[in-house]
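Chains G and U with the ligands: place on chain B using the hints.
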Amino acid sequence: MAETAKPAPAAGGRAATKKELPERFKNHKHVWVFIEQERGHVHPVSWELMGAGRILADKLKVELAGVLLGAPGEDTMAAAQEAACYGADLVYTVSNPILADYRNEPYTKALTDLVETFKPEVLLLGATTLGRDLAGSVATTLATGLTADCTGLEIDADGSLAATRPTFGGSLLCTIYTLNFRPQMATVRPRVMPMPARVERPLGRLVEHPLAMVEEDVVTKVLKFIPDRDQNKSNLAYADVVVAGGLGLGSPENFQLVTQLASVLGAEYGCSRPLVQKGWQPADRQIGQTGKTIRPKLYIAAGISGAIQHRVGVEGADLIVAINTDKNAPIFDFAHIGVVADALHLLPPLTEAFRRRISAHIRDRIAS
Amino acid sequence: MTEKFDAIVVGAGMAGNAATYTMAKRGLKVLQLERGEYPGSKNVQGAILYAAQVEKLIPNFREDAPLERHLIEQRFWMMNENSHTGLHYRSDEFNEEKPNRYTIVRSQFDRWFSKEIQAAGALVLTETTVTELIKDQKGRVIGVRTDRADGEVLADVVVLAEGVNGLLGTRAGLRERPKRENVALAVKEMHFLPRETIEARFNLKGDEGAVIEAAGTISRGMAGMGFIYTNRESISIGLGCLVSDFARVQIAPYELLEGFKKHPSVAPLLEGSEVKEYAGHLIPEGGYRAVPQLCGDGWVVAGDAAQLNNAVHREGSNLALASGQMAGETIAELKANGVAPTARNLGLYKTRLMESFVMKDLKKYKDVPGLLHHNTQNFFLTYPQLVAKAMENFVRVDGTPKLEKEKRTWKDVVSARSLGGIVGDAVKMARAWR
Amino acid sequence: MHIVVCIKQVPDSAQIRVHPVTNTIMRQGVPTIINPYDLFAIEEALRLRDKHGGLVTILTMGPPMAEESLRKALTFGADRAVLLTDRFFAGSDTLATSFALATAVKKIGEVFEPVDIVFTGKQTIDGDTAQVGPGIAKRLRLEQLTYVAGVTGLDLAGRTIEVERRAEGGVQALKTSLPCLITMLEGTNEIRRGSMPDALRAARAEIVTWSAKDAGIEDVTRCGLRGSPTVVKRVFAPTPRSEKAKFVEVPKDAAKPGDKGALAEALVESIFAHHPSLEADITTLARGY
Ligand SMILES: Cc1cc2nc3c(=O)[nH]c(=O)nc-3n(C[C@H](O)[C@H](O)[C@H](O)COP(=O)(O)OP(=O)(O)OC[C@H]3O[C@@H](n4cnc5c(N)ncnc54)[C@H](O)[C@@H]3O)c2cc1C
Ligand SMILES: Cc1cc2nc3c(=O)[nH]c(=O)nc-3n(C[C@H](O)[C@H](O)[C@H](O)COP(=O)(O)OP(=O)(O)OC[C@H]3O[C@@H](n4cnc5c(N)ncnc54)[C@H](O)[C@@H]3O)c2cc1C
Ligand SMILES: Nc1ncnc2c1ncn2[C@@H]1O[C@H](COP(=O)(O)O)[C@@H](O)[C@H]1O
Chain B
1 MAETAKPAPA AGGRAATKKE LPERFKNHKH VWVFIEQERG HVHPVSWELM GAGRILADKL
61 KVELAGVLLG APGEDTMAAA QEAACYGADL VYTVSNPILA DYRNEPYTKA LTDLVETFKP
121 EVLLLGATTL GRDLAGSVAT TLATGLTADC TGLEIDADGS LAATRPTFGG SLLCTIYTLN
181 FRPQMATVRP RVMPMPARVE RPLGRLVEHP LAMVEEDVVT KVLKFIPDRD QNKSNLAYAD
241 VVVAGGLGLG SPENFQLVTQ LASVLGAEYG CSRPLVQKGW QPADRQIGQT GKTIRPKLYI
301 AAGISGAIQH RVGVEGADLI VAINTDKNAP IFDFAHIGVV ADALHLLPPL TEAFRRRISA
361 HIRDRIAS
Chain G
369 MTEKFDAIVV GAGMAGNAAT YTMAKRGLKV LQLERGEYPG SKNVQGAILY AAQVEKLIPN
429 FREDAPLERH LIEQRFWMMN ENSHTGLHYR SDEFNEEKPN RYTIVRSQFD RWFSKEIQAA
489 GALVLTETTV TELIKDQKGR VIGVRTDRAD GEVLADVVVL AEGVNGLLGT RAGLRERPKR
549 ENVALAVKEM HFLPRETIEA RFNLKGDEGA VIEAAGTISR GMAGMGFIYT NRESISIGLG
609 CLVSDFARVQ IAPYELLEGF KKHPSVAPLL EGSEVKEYAG HLIPEGGYRA VPQLCGDGWV
669 VAGDAAQLNN AVHREGSNLA LASGQMAGET IAELKANGVA PTARNLGLYK TRLMESFVMK
729 DLKKYKDVPG LLHHNTQNFF LTYPQLVAKA MENFVRVDGT PKLEKEKRTW KDVVSARSLG
789 GIVGDAVKMA RAWR
Chain U
803 MHIVVCIKQV PDSAQIRVHP VTNTIMRQGV PTIINPYDLF AIEEALRLRD KHGGLVTILT
863 MGPPMAEESL RKALTFGADR AVLLTDRFFA GSDTLATSFA LATAVKKIGE VFEPVDIVFT
923 GKQTIDGDTA QVGPGIAKRL RLEQLTYVAG VTGLDLAGRT IEVERRAEGG VQALKTSLPC
983 LITMLEGTNE IRRGSMPDAL RAARAEIVTW SAKDAGIEDV TRCGLRGSPT VVKRVFAPTP
1043 RSEKAKFVEV PKDAAKPGDK GALAEALVES IFAHHPSLEA DITTLARGY
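Residue numbers (our numbering), protein chains in the order written: chain B, 1 to 368; chain G, 369 to 802; chain U, 803 to 1091.
Next comes chain B alone, as it looks inside the complex:
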């Protein structure tokens, strides 16, 4: 966005003032969530969005629908059923062999066709590589507004979607509206929204829609798909316990104090951005605005100052524990438990203390 950050829009802009919604948009109703499904696997961000979408739909007193695009087959049906369990009142599907692998052109056509036919007022997508690729094209084709990487979604008094996202490198937040166009589109990064509870429920309705396109119409061909080799790639975003280290650790060698604690806790480990920039840790270990958003039950941060860009990535944690030598470090403003101490001296005994405590429990369990 060129100027997302304009504090206040000048008067007279086409979208700046709330007017009566143009006639052609008046029949746009309902909240949609795009369900990202590839190779039989639904990206969890879709369910997180289903949770957020439910709240919006209830507020608007409308239905919540899931949108599933893919090749015909059981996977799609299973995903539709799953969507119901996460709160979808109905599911729209477009099943066509040309949708087997994600490609921009057929996906854009399928989704725009659906929108133009069934007219939702809100359309949410995950801010994944697929979601961002698709959202940008669909919004341009429909000439409507799209707010990327939202951290908060609300319905305001007059029923508009208020989408809040970081701006200016994360130092500020801004709330963006698409007042006079429909649908109001937004993308949200994985783990920003909490995962809703899954409740066994029958699928309400399934609306199938055709796709007027054949393989010959699609210019781009997938030659092959190479799954990520690294099977033990970090599962940071979805871990229950995360231990992370920052520049305060002083050297790349000291990072093992973090990995040791993580291994005792059966936790994932992560880091702040400077460690990635310095090459101490690979990029997929970065936590924060430009790295992973996490929502663990326990987050332990050692030697991390708690800059706003880091904070936005960890605020969803149930319990944040910070170890920092500086009692005024900003991390203590949002951590629940703080320790003013040198991490290099505290991490080893902490690892030991946890180890003792846990092995006692394991002994108990085995004994009983």
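These are calculated hints, taken from the structure and not from any lab test. Mixed in with the good hints there might be a few duds.
[Claimed, not checked] Dumping the calculated BS3-like pairs for lysine-lysine here, alpha-carbon to alpha-carbon at most 27 Å:
#1 G/K410 - G/K397
#2 U/K1035 - B/K61
#3 U/K1046 - B/K327
#4 U/K1046 - B/K297
#5 G/K757 - G/K770
#6 U/K1048 - B/K327
#7 G/K718 - B/K327
#8 B/K221 - U/K853
#9 G/K644 - U/K1046
#10 G/K629 - B/K327
#11 B/K278 - G/K372
#12 G/K410 - B/K278
#13 U/K908 - B/K221
#14 B/K297 - U/K1048
#15 U/K1054 - B/K327
#16 G/K731 - G/K629
#17 G/K630 - B/K327
#18 G/K703 - G/K372
#19 B/K119 - B/K29
#20 B/K119 - U/K1035
#21 G/K630 - U/K1046
#22 U/K1058 - B/K327
#23 B/K327 - U/K1062
#24 U/K1062 - U/K1046
#25 U/K853 - B/K224
#26 B/K224 - U/K1035
#27 U/K1035 - B/K59
#28 U/K1035 - B/K29
#29 B/K26 - U/K1035
#30 U/K1062 - B/K297
Below, chains G and U with the ligands without anything else, positioned relative to chain B:
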């Protein structure tokens, strides 16, 4: 094909900029090379700009140069651990139509300056480091080699405005490296605060600015000074001491600055600020006696690279501007008259410097550096403590008869340093100043 | 072959400060840079040109001072630079930005040589939307290849291109036909340092400067604030959590003051007291290990 210019200027600091601008304005084909990402990115300064010299180059610079605040107040502080004794000079006279001194932020001012230079027709290349001077068989400098591929460029004259380290000149055997006792290491931070906060804390309004120059125990017995300058939305704070002293006292420069910042007289001025820039830089302090050879066949040297800095008045950039301009004028004149830039002909540059305030001022203070080297402890530890004690004694009301108080003060003075010593220092200082 | 690379000049966001009271951005002293992600696009374009011949044109929409970024791109060895600048563009969101850029790309194709590939960065560090690239592609009906890690094949005669694209959980090898738009992934190459002749040429180069009209934009209401469907209603600082962290200290009865072992014990105690169900969870997790 190697391109040839009338002149190549190494460095886009004040000296290099003044030289480039002067020559470009007079129609010379000039190439300026700067290793920094943009002009000003590598330059560290307080910074105070003296208007008169800039005016000589660009008369209407006030119209669009990025100036921070014009100075209406100057404070001198003599500090001990928990106090300062100050002298303030503030005058509404300085709220004049064309103010005399301004604070600037170098990275912004230099960028603006560079725009003017390019508008005047010079080519400016940044992110280009000159690695070597190219000489012909006769030892004349005929161009430079840079760190870019196919990086040679030729010129009739090379202006060395590379700053205090002067690596190129040293490497080419044109001069020696500056001695440790002749350079100060200064560290500096920018503390950002809303402008209203700065104005309230320093008693300023609009674009008025104030500066504090501080000396005393903050330098832990080393020869050095601290400064606090008000910019529009930030405060520059820094401290510099002789490199030889740092080696002797074994204290890290940033620790020194931390101490200065935590001083009870300073901390409230900075409270709540956001630090955005930390920089360290050398300042030539050797004065008149440390000035190296100023020109040779096909080259001249200007600014800090020529050690032209008036440490007493903190006029480094001023002298850099003046010397750069004189170097530029000299080269342009030789060119206009079709005279070759030999060592002899370029000697005109040296003559100009000698006849100007640049060398006259340096000559006036030629003994100050030596004096401070030899009496460092007295000037920077003993006397500040004495002054502080005397002041406290004078101000505090505690039922002690005043006569007794005065006697106590004298006793302190005499026990700290013999009367002869003090008088001697005073006389020496007065002489060096004269 | 003719490649257009879209770059944006952005404030170095690491240096941005926020006024503590008014919550406005304090711009003073914030340097501007070429959006770091765009450097990968420039380098990939230059590599293709070096290998297959042709020209690279750099395009930016921004204020007049964005010229600095264009000149820098020329220093790397690009052939031509176009600056799209007009007061009508102020306040553009992604839709309006991609409209202006798409129109300019079309014009570049008409005035200079037909365009085969448009490159953009993956995203900007200020807007951070990753939408402008897809927006341009859609408007110009170009094949859209996002998050590309590298161009693996180019057949100019057959007008086809092969790339590797970062997808969820793996890499897609894609083949498509020209013209296309590619958004480049970061870390895929390293921007070169231009040679001295390149640098001199860049310093002297004439930057092509276009107004909205010059770029062939008839309807300026589709630009800037007026052409932007999204409206920024409110800018604000994140609210601080109401209570500060509860500090755990070395217990008073510790054997020695500052005893780190005792501190660690106290911390573990405090964590489990705060979040009782964690103890069982961690035991299970730890066993799995
Ligand atoms: C556009 C943008 C995006 C960004 N995205 C991210 C992001 O996604 N994730 C991210 O993390 N950052 C991000 N950042 C960077 C962020 O602004 C901070 O610079 C970064 O988080 C700081 O990392 P740090 O806390 O490790 O280092 P520092 O800020 O240097 O903090 C180190 C801390 O360690 C403490 N310490 C020192 N020694 C010890 C010791 N021995 N024991 C204990 N504590 C000690 C210090 O008191 C200090 O608080 C982004 C910045 C920008 C501009
Ligand atoms: C903390 C501090 C505060 C100061 N305060 C003041 C003040 O308030 N008022 C004042 O008048 N003076 C002040 N000074 C002094 C003043 O900053 C300098 O005297 C002045 O900047 C000197 O200008 P210069 O052009 O000679 O050198 P510099 O400004 O050092 O410029 C040299 C330039 O050459 C470039 N360069 C060097 N080598 C190469 C190479 N091989 N190839 C290409 N480029 C190269 C450098 O990157 C640099 O940009 C202060 C200095 C310091 C450190
Ligand atoms: N004003 C602009 N001028 C030229 N290119 C732009 C502009 N804004 C965005 N881009 C390009 O679009 C990409 C994605 O930007 P964004 O959608 O803002 O994240 C950037 O990496 C640039 O290549």
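Right, here's what the structure says about each hint:
1. Among the hinted pairs, G/K410 with G/K397 is consistent with the structure: their alpha-carbon atoms are about 25 Å apart, no more than 27 Å.
2. In summary, the hint linking U/K1035 to B/K61 is supported, as the alpha carbons are separated by about 24 Å, within the 27 Å threshold.
3. Restraint check for U/K1046 and B/K327: satisfied, since their Cα atoms lie roughly 11 Å apart, inside the 27 Å limit.
4. Our distance criterion of 27 Å between C-alpha atoms is met by U/K1046 and B/K297, whose separation comes to about 19 Å.
5. For the hint linking G/K757 to G/K770, the alpha-carbon distance of about 15 Å falls within 27 Å, and the restraint holds.
6. About 12 Å separates the Cα atoms of U/K1048 and B/K327, which keeps this hinted pair within 27 Å; it holds.
7. Restraint check: the Cα-Cα separation between G/K718 and B/K327 comes to about 57 Å, which exceeds 27 Å; the hinted pair is violated.
8. Distance hint between B/K221 and U/K853 is fulfilled; the C-alpha atoms sit about 24 Å from each other, no more than 27 Å.
9. The suggested pairing of G/K644 with U/K1046 holds, with an alpha-carbon distance near 25 Å, which does not exceed 27 Å.
10. Our distance criterion of 27 Å between C-alpha atoms is met by G/K629 and B/K327, whose separation comes to about 18 Å.
11. With a C-alpha separation of about 41 Å, the suggested pair B/K278 and G/K372 falls outside the 27 Å cut-off, and the hint is violated.
12. Between the alpha carbons of G/K410 and B/K278 the distance comes to roughly 22 Å, so the proposed pair stays at or under 27 Å and holds.
13. Restraint check: the Cα-Cα separation between U/K908 and B/K221 comes to about 26 Å, which is no more than 27 Å; the hinted pair holds.
14. With a C-alpha separation of about 17 Å, the suggested pairing of B/K297 with U/K1048 holds against the 27 Å cut-off.
15. Of the supplied pair hints, the one linking U/K1054 and B/K327 holds, its CA atoms being roughly 19 Å apart against a limit of 27 Å.
16. For the hint pairing G/K731 with G/K629, the CA-to-CA distance comes to about 34 Å; that exceeds 27 Å, so the pair is violated.
17. For the proposed pair G/K630 and B/K327, the alpha carbon gap of about 17 Å is at most 27 Å, so the pair holds.
18. Restraint check for G/K703 and G/K372: satisfied, since their Cα atoms lie roughly 15 Å apart, inside the 27 Å limit.
19. For the hint pairing B/K119 with B/K29, the CA-to-CA distance comes to about 6 Å; that is within 27 Å, so the pair holds.
20. Among the hinted pairs, B/K119 with U/K1035 is consistent with the structure: their alpha-carbon atoms are about 25 Å apart, no more than 27 Å.
21. Of the supplied pair hints, the one linking G/K630 and U/K1046 holds, its CA atoms being roughly 25 Å apart against a limit of 27 Å.
22. A hinted pair counts as satisfied when its Cα atoms are at most 27 Å apart, and U/K1058 with B/K327 qualifies at roughly 22 Å.
23. Restraint check: the Cα-Cα separation between B/K327 and U/K1062 comes to about 17 Å, which is no more than 27 Å; the hinted pair holds.
24. Distance check on the hinted pair: U/K1062 and U/K1046 sit about 23 Å apart at the alpha-carbon level, within 27 Å; holds.
25. Between U/K853 and B/K224 the CA atoms are separated by roughly 25 Å; this keeps the pair inside 27 Å, and the hint holds.
26. With a C-alpha separation of about 44 Å, the suggested pair B/K224 and U/K1035 falls outside the 27 Å cut-off, and the hint is violated.
27. Of the pairs offered as hints, the one joining U/K1035 and B/K59 holds, with about 21 Å between alpha carbons and a cut-off of 27 Å not exceeded.
28. The straight-line distance between the Cα atoms of U/K1035 and B/K29 is roughly 23 Å, inside the 27 Å bound, and the hint therefore holds.
29. This hinted pair checks out: B/K26 and U/K1035 have alpha carbons roughly 22 Å apart, not beyond 27 Å.
30. Restraint check for U/K1062 and B/K297: satisfied, since their Cα atoms lie roughly 25 Å apart, inside the 27 Å limit.
Hint compliance for this structure: hints 7, 11, 16, 26 are broken, all remaining hints hold.
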